[in-house]
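2 protein chains.
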Amino acid sequence: MQQQISVITLGIRDLARSRRFYADGFGWKPVFENSEIIFYQMNGLVLGTWLDEALAKDMQRDGLARPGAFALAHNVATREDVDPVIDRLARFGGRVLRRGDAPPHGGFRGYVTDPDDHAWEIAWNPAWPIDAEGHVRFGV
Amino acid sequence: MQQQISVITLGIRDLARSRRFYADGFGWKPVFENSEIIFYQMNGLVLGTWLDEALAKDMQRDGLARPGAFALAHNVATREDVDPVIDRLARFGGRVLRRGDAPPHGGFRGYVTDPDDHAWEIAWNPAWPIDAEGHVRFGV
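Residue numbers (our numbering), protein chains in the order written: chain C, 9 to 148; chain U, 9 to 148.
Hints were generated in silico from the structure; no laboratory data involved. All figures in this text were calculated on a predicted structure; none of them were measured in a lab. Careful, some of the hints might be misleading.
Pairs count within a copy or across copies, as identical chains cannot be separated in the list.
Said to hold, decoys possible - Straight-line Cα separation of at most 20 Å, SDA-like style, residue types lysine to any residue; simulated pairs:
no.: 1; residue 1: K65; residue 2: G115
no.: 2; residue 1: K37; residue 2: H143
no.: 3; residue 1: K65; residue 2: R99
no.: 4; residue 1: K37; residue 2: F100
no.: 5; residue 1: K65; residue 2: R103
Generate coordinates for the entire structure from the input sequences, incorporating the hints supplied.
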């Protein structure tokens, strides 16, 4: 099967609060929004933020828990970009989990949550190229 | 900031069990693997599967819980592909949450978990084009 992820859907509890983080904090432009979901066109996939109850009903799964055992990452162009992005996201409803520092595998990274406790790694990883359309390639 | 997600990292509890689901079930080829993490090059981003303890330590966050309030989606080319993919993933360590049916917004979709209880939507969405490199575009 194609190595392809079409959508990441994050369960959220408050649409306006989440929108502030993504649309104002990250500065990402929604491609679609209604009273229960907002979609963002990303780098070859779509990010959706959907009210918990609607997502749970669609999955036919109860008891969604936080924090989930996952993280998303947004890589930035320089080491010096990491902490300012974390600080900015914290001002737009996020919470800092880890300020930027250098991991054993190289680069520089920290973590901040969104308002719904989903973790974002903000990282500078010089081994992983990012093209003008945001497509990210693994490298060592 | 660039509308870009660089990595999705899923916390896992057993590397071999998870590898079977992704590498054998989905048929995705790892681009890197060691004793605690496997990376897959996806459509403009990277999927990582990382042992829970290592991910939690990196995030400086305890108490990772399941099921998380999120879902990933893998879109397929036809309506008839949905249930066979769900069945196949169930044979490789997944668990069916919802068999394929037609949602109110159109198309056809079901849900299956990976062996670590992370939800995958398997969907046919004729409004969202997917190019040869797997890049997915929102549409209505």
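So which of those numbered hints doesn't the model satisfy?
3
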